[in-house]
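Letter by letter, the chains look like this.
Number of protein chains: 2
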Amino acid sequence: MAGSFSFHLMANDGTARLGEIETPHGRVRTPAFMPVGTQATVKGMYPGQIRATGADIVLANTYHLMLRPGPERIAALGGLHRFMNWPHPILTDSGGFQVMSLAPLRRIDEQGVTFRSHLDGTMYELTPERAVEIQILLGADIAMQLDECVKLPAAPGDLQRGGRLSLGWAERSKRAFEQAPAGRALFGIVQGGDDAALRRHSAGPLVATGFDGYAVGGLAVGEPQEVMLRMIEEVAPVLPDNCPRYLMGVGTPDDLVEAVARGMDMFDCVLPTRNGRHGLAFSRFGPINLKNARHADDQRPLDATSACPAARDFSRAYLHHLTKANEMLGAMLLTAINLSYYQELMAGLRTAIGERRLADFVAETKAQWRAGDE
Amino acid sequence: MAGSFSFHLMANDGTARLGEIETPHGRVRTPAFMPVGTQATVKGMYPGQIRATGADIVLANTYHLMLRPGPERIAALGGLHRFMNWPHPILTDSGGFQVMSLAPLRRIDEQGVTFRSHLDGTMYELTPERAVEIQILLGADIAMQLDECVKLPAAPGDLQRGGRLSLGWAERSKRAFEQAPAGRALFGIVQGGDDAALRRHSAGPLVATGFDGYAVGGLAVGEPQEVMLRMIEEVAPVLPDNCPRYLMGVGTPDDLVEAVARGMDMFDCVLPTRNGRHGLAFSRFGPINLKNARHADDQRPLDATSACPAARDFSRAYLHHLTKANEMLGAMLLTAINLSYYQELMAGLRTAIGERRLADFVAETKAQWRAGDE
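In order, the protein sequences belong to chains A and B.
Every position in the first sequence, counted from 1, becomes a number in the working numbering once 4 is added.
Every position in the second sequence, counted from 1, becomes a number in the working numbering once 4 is added.
Hints in this document: simulated from the structure, not taken from any laboratory.
Fair warning: there could be bad hints in the mix.
If several chains are the same, the list does not tell them apart, and a pair holds so long as it fits within one copy or across any two.
[To be verified] Pairs of lysine-lysine, DSS-like flavour, derived with a Cα cap of 30 Å:
id	residue 1	residue 2
1	K178	K155
2	K178	K370
3	K178	K328
4	K295	K178
5	K47	K328
6	K370	K295
7	K47	K295
8	K47	K370
9	K155	K47
Chain A extracted, bound-state conformation:
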């Protein structure tokens, strides 16, 4: 147990921020990318490997873990850190987003969400209080309030209703979190879709309620990148400087760079893991589709200068073969390569902010993406 939750803002470069989060399970350097460990495992990765990519923190999904193996069971087994053999910081989402996207037969009202498990049909109720209770049982270092994420494009009425619901749930979540062991953190979530005024109206009362950190939710759900960035620009000035800012579910390497430049500190996304399982590598040279036949006879490793052994020790021809043959090792290697690249990018952003040369770093990075390596 390293200590209680706290955030230290160490440097700015324009609106970009360099910081450190302290948690009961150690330090998180920000800007930070959190690999997604949906079912208490980052697919295809050993915990030691995840750490070796440079990840300080992983995300786990409350929805999946509440259905299987169940939060009470994980608590009895000593908590999620021990269960998945990851002794470092963990953030859990509230379950709300995935109830909305995965569970059939859901009903949302002021009280919470009722839904049927997509695994076995059992009925569950998820209220703000239960979402917090589950996350306390899991032992999350950082928990998220229950919110309603409205899919875009959405009618103004739906966005307003979602925003109002989420604000009410924020207050109830905060009260419920008073039961949490000392040192743990709860983040509030700003909703409001692509409506700038609604975003600001959501952020204001949330900040007044008071959370350890603030997330911007309901973005990267189908809108153009430009809309997402404008919403960040609207919300960021309303958020307190001395709390971390988490952009949920984002994104591509380019999304990360642009959101960091606009003052966001934390990110999670399934892209590096999911795309890795489907043959797509993220790299200094931009995205590389290993399924493409042009790699079949290519002796070169994916990136000879990478800190990731998977990017150095195997030829592109072999990665192509494994991907075409649908071999587990292909998914394993590309997942490791992608998570390493994401962490390398975040480390580069942190260094650049610290040296106040972010604009140069971003320009160089994007130029290299465009140049490729063929």
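Chain B: place on chain A using the hints.
Relative to chain A, chain B alone:
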């Protein structure tokens, strides 16, 4: 390149043998278990992990590699060792067994086998000469003659025909192998099904032809273990002491123990890898089915005294969860656990033979399997 192929018989305990095979890519301690790397990868394992389990040699499948990515391509990429980043010994099978079991529309005659690829329908011909050529292109340290493996139970006429065909192909394989780089080895294969006389009649001329090692094929194809062991007892005395003896496609831990006691030196089998992917662990305590609900709350690791991190660092409850959730990490951990256990068993057998206490070791091992750990 460690040297040319040779075999050194170092000790006997009854009919059991302790030995060492030298190959161009290093040493193989016998009795040896060879993990199966069908498509140039042992499913779910990093090459370094395979080595860390104690494996000296892996097997790769000529049938799969001839279809994809193709032996000429692998040769142009520097050979199979480099392709799969496994710089240690490799044995390749001849492709015959899998043509018979996987390819539709096959035709077998004196000349060879014609078949349709199960991947894209392309027609291929596999002759004894082409099977050897492919294995040379792959760069196998140990190549196998093309043979016909007749499924049991079989009519006497089919067994005789299969035996005759395999003997003719053995001679042609040997001639073709004169083109191989110095130091590589070719093994002949004894066929004859469950017919003791046919087995001896197959082994005699094969030994007269002269190979670097001898395999016993066509066993563990549906017959009772007792029949398999009787066939080994018939064949082993006919085989020269100064050559390794390879029992193809075998087997369970019990099969290995019994076959080692009867003088077999090398084994390959998909059981530890395939069963690992399906939730079954092999262990000192016998087989353990991690899908079973009794593991759901079990804090214990699979085997706290194992040399394998996967067996020590994760609870049975977590392995159960991963297996139920069909997570890659479950398959990865159980594959590593199983391959480690197989290698631990082989190492135990080698030590016991060297100390001439094999009978005691076998009795202790089987007692522990029976006792379990519940």
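| task | Hints the structure violates: just list their numbers, smallest first. | result | Numbers 2, 3, 4 - these are the hints that the structure violates, sorted from lowest upward.
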